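Undergrad: Sequence:
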Amino acid sequence: MSEFLAVSNGSKDESSPNKSLRDKAYTLLMERVSSIREFGSYVFWKNEERRNKYLND
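The sequence shown: position 14 = 32 (my numbering), numbered continuously.
Keep in mind that a hint or two might mislead.
Only pairs whose alpha carbons sit at most 25 Å apart, straight line, appear in this in silico SDA-like list of lysine to any residue [claimed, not checked]:
| id | residue 1 | residue 2 |
| --- | --- | --- |
| 1 | K37 | Y60 |
| 2 | K71 | K37 |
| 3 | K64 | K37 |
| 4 | K71 | Y60 |
| 5 | K71 | N36 |
| 6 | K64 | S53 |
| 7 | K42 | K64 |
Read the hints as simulated data drawn from the structure, not as lab findings.
Since this is a predicted model, take the numbers as computed values, not measurements.
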């Protein structure tokens, strides 16, 4: 049972290749999302309803 718990919780090792890949993917995704939000709020500056959808939460 403890083996299943360990697998479901993921590796606690900070140097895990899976954790490193996950962190890099998250960082890359958040940079892209931030760019899209920035450009969206610029493009829709006249349309307040659309612009608000691109503003950071």
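Undergrad: Going back to the hint list, which numbers does this structure go against?
TA: 1, 2, 3, 5, 7
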